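Q: Residues per chain are reported as follows:
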Amino acid sequence: MTKPSDVLIDMNGIKRSYALGKDRHLPVLLGLDLQVEHGDFIALMGPSGSGKSTLMNIIGCLDQSDGGQYLLQGRDVSSMSDRALSHVRGQLVGFVFQFFNLIPQLNVRENVALPLFYQGVSKEKRERLAEESLERVSLSHRIDHRPQQLSGGEMQRAAIARSLISKPPLLVADEPTGNLDSRTGATIMELFHDLHKEGMTIVMVTHDADVGKQAGRMIHMRDGRITP
Amino acid sequence: MRNMFTLLVMALANVGHHKMRSLLTMLGIVFGVGAVVSMLAISAGARSEALTQIENMGLHNVIVRSVKPPLVQNKNKGDWVMHYGLTFSDRDHIESLLPSIQDMVMTRTVRKKIWRGARRIDADIFAVEPGYAHTIGLDMNAGRFICDVDMEQRNATCVLGYDVARDFFAYANPIGEDIRIGSEFFRVVGVLRSGQKDGNKSIYIPERTAASVFGIKSIVRESGSFSGTYQEISELIIQFDDRADVLSMSRAVDHLLDKRHDKSDYEMTVPLELLQQRGRTQAIFTIIMASIAGISLLVGGIGIMNIMLATVLERTKEIGIRRALGATRSDIISQFLVETVVLSSLGGLLGLAVGVGGAKLVTHFAEWQTIVSPSAMIISFGISFLVGLVFGVYPALRAARMKPVDALRHTG
Ligand SMILES: Nc1ncnc2c1ncn2[C@@H]1O[C@H](COP(=O)(O)OP(=O)(O)OP(=O)(O)O)[C@@H](O)[C@H]1O
Ligand SMILES: [Mg+2]
Chain A
212 MTKPSDVLID
222 MNGIKRSYAL
232 GKDRHLPVLL
242 GLDLQVEHGD
252 FIALMGPSGS
262 GKSTLMNIIG
272 CLDQSDGGQY
282 LLQGRDVSSM
292 SDRALSHVRG
302 QLVGFVFQFF
312 NLIPQLNVRE
322 NVALPLFYQG
332 VSKEKRERLA
342 EESLERVSLS
352 HRIDHRPQQL
362 SGGEMQRAAI
372 ARSLISKPPL
382 LVADEPTGNL
392 DSRTGATIME
402 LFHDLHKEGM
412 TIVMVTHDAD
422 VGKQAGRMIH
432 MRDGRITP
Chain B
62 MRNMFTLLVM
72 ALANVGHHKM
82 RSLLTMLGIV
92 FGVGAVVSML
102 AISAGARSEA
112 LTQIENMGLH
122 NVIVRSVKPP
132 LVQNKNKGDW
142 VMHYGLTFSD
152 RDHIESLLPS
162 IQDMVMTRTV
172 RKKIWRGARR
182 IDADIFAVEP
192 GYAHTIGLDM
202 NAGRFICDVD
212 MEQRNATCVL
222 GYDVARDFFA
232 YANPIGEDIR
242 IGSEFFRVVG
252 VLRSGQKDGN
262 KSIYIPERTA
272 ASVFGIKSIV
282 RESGSFSGTY
292 QEISELIIQF
302 DDRADVLSMS
312 RAVDHLLDKR
322 HDKSDYEMTV
332 PLELLQQRGR
342 TQAIFTIIMA
352 SIAGISLLVG
362 GIGIMNIMLA
372 TVLERTKEIG
382 IRRALGATRS
392 DIISQFLVET
402 VVLSSLGGLL
412 GLAVGVGGAK
422 LVTHFAEWQT
432 IVSPSAMIIS
442 FGISFLVGLV
452 FGVYPALRAA
462 RMKPVDALRH
472 TG
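These protein sequences, in sequence, are chains A and B.
For the first sequence, this note's numbering assigns the number 212 to the initial residue and increments by one for each residue that follows.
For the second sequence, this note's numbering assigns the number 62 to the initial residue and increments by one for each residue that follows.
Hints are computed from structural coordinates only; laboratory data are not their basis.
Which residues of chain A face chain B? A partial, calculated answer using Cβ under 10 Å:
hint: 1; residue: Thr265
hint: 2; residue: His298
hint: 3; residue: Val299
hint: 4; residue: Val304
On the chain A side, residues computed to face chain B include the following (Cβ under 8 Å):
hint: 5; residue: Leu273
hint: 6; residue: Asp274
hint: 7; residue: Asp293
hint: 8; residue: Arg300
hint: 9; residue: Asn312
hint: 10; residue: Leu325
hint: 11; residue: Pro326
hint: 12; residue: Phe328
hint: 13; residue: Lys334
Since the structure is predicted, the reported quantities are computational estimates derived from the model, not experimental observations.
Beta carbons: idealized from backbone N, C-alpha and C, even for Gly.
Make a model of the complete structure from these sequences and hints.
A: Okay, structure coming up:
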């Protein structure tokens with residue numbers, strides 16, 4: 212048994228089903244247990260439709276379970292208000308998406324600094340931290356570009372810089388290399404490894420077994436449960 | 062609301078990003094506010110013009126005019142002179158019976174042709190008493206008005222309205238020159254200042270002089286046949302003192318005259334009464350205008366709301382991203398509310414320009430006086446701001462209501 216303070220994610224009996232019209236529900240997560248410790252690097256794998264994204268959304272506090280208990284860093288997020296959940300997302304979770312999800316009207320610097328805007332950080336500090344974060348992912352030369360002017364790998368690096376800017380303890384990545392060619396994907400994975408070495412906890416969904424093997428721990432999902 | 066300034070900058074950037082769409086969105090507000098501003102300007106102008114006119118008549122005055130009665134029956138058959146209107150005896154009667162009369166002046170219209178050498182001009186000739194200029198408030202440009210001596214000695218003197226003096230004498234000095242009225246020569250002793258009520262195109266002569274040289278009957282030849290009128294007083298201006306209740310005094314005058322006249326051959330004008338009526342019509346006008354403005358702003362507001370709803374839908378993904386990065390519902394509400402208010406306020410500013418321009422055009426082409434008051438401008442801008450606030454609420458709520466996962470999954 213690990214000491215409770217080492218546990219970052221503690222899920223017990225998490226359930227989630229989707230409403231399909233009147234009185235019809237599609238159960239996706241059927242009472243799932245998951246413990247993740249600080250500093251873990253987890254690859255979540257499983258067939259399409261097995262509920263990986265559904266689980267990731269709950270882990271990242273974008274969505275709430277309809278049953279079970281989820282403690283994130285000791286805080287019960289399954290019963291939090293929308294407002295409190297927003298603050299948890301802003302401060303404890305960094306997101307990396309398959310399709311980057313940068314805002315096209317904003318340039319790279321503004322995109323990266325956006326999480327700090329919602330934490331009420333001053334403009335000067337936001338810009339300084341954005342520059343630092345972009346330096347970390349070697350993208351300083353694209354700081355004033357629009358997302359549309361970047362390559363796929365560059366967009367994903369900008370998205371990673373954005374996810375790091377509030378120094379969250381947890382990085383949630385749903386198929387971060389799924390939309391990149393294998394060489395670019397490899398550089399992104401390298402970046403994840405570096406972050407992991409620096410102590411970042413990462414939960415990542417991937418379809419690629421090779422990519423999954425690089426992670427510290429592989430978790431397989433099938434039919435709404437984690438298979439041993 | 063944190064970072065208001067950044068929200069404003071973001072909103073302005075978004076508006077600037079879709080210039081054409083933003084402009085079309087604002088159009089309703091632009092014309093709504095434009096209509097409000099120019100209508101306010103027109104009504105303020107009309108009001109001030111009417112007020113000046115009414116006040117020029119004198120708020121302490123009651124004006125009684127002789128009018129031709131519907132059917133005149135002559136005393137003797139074959140007498141082609143019509144007798145009607147106010148008489149000297151009416152005047153004396155009013156003067157002896159009514160208190161608090163400060164001043165009372167009369168005019169009689171004299172129908173004669175006016176000549177200077179071989180040149181003839183058209184002007185109204187009024188036989189007046191010396192107090193007339195003072196009571197009416199006519200100012201002199203040069204020379205003097207008709208005086209008591211003129212009256213007593215029945216001097217053939219006259220005072221010219223500004224335009225008349227210009228017509229006859231151009232830039233030469235008319236004082237001391239003679240003009241001919243009918244068959245009599247009158248010496249010019251004064252010229253009125255320009256822009257004085259009805260005085261510009263008038264000529265004033267001493268009443269007694271007029272009575273003795275022209276008589277009181279005036280005979281006009283119209284297409285071969287003669288018609289004559291006998292009218293002692295054409296217009297009587299009764300000025301009451303400051304403490305008098307002008308409205309009840311005017312009723313008393315009417316009562317006195319009514320007993321002495323068996324036909325309706327006079328009419329009364331009470332400027333104070335006009336002023337009060339004016340206030341009532343103004344109130345109705347204002348209500349109608351406010352409704353029109355309200356409807357056009359409602360339409361403008363609905364237009365903005367419509368586009369903002371489309372914008373929210375189009376930017377669902379962006380909303381999802383912002384929510385994932387820590388934006389609360391109120392952050393999203395602020396963002397879209399600020400954007401709607403920026404749109405509507407910009408529309409309001411443009412509308413202000415359109416309204417001021419419209420008022421200028423009306424002044425230029427219709428020659429109506431218009432007044433764009435600062436308060437009207439502030440009110441219209443404030444209204445456009447409020448429209449944005451009110452009609453921005455629903456789209457902003459729609460944006461905030463979406464669940465972060467659903468918003469993020471949105472494609473398009
Ligand atoms: N909003 C939703 N409404 C209804 N059904 C949904 C919704 N989201 C997901 N599902 C269903 O839930 C199941 C799990 O979906 P989920 O996206 O979690 O799968 P996944 O493991 O991420 O698959 P993939 O590898 O293809 O991304 C699927 O059958 C999907 O159709
Ligand atoms: Mg998925």
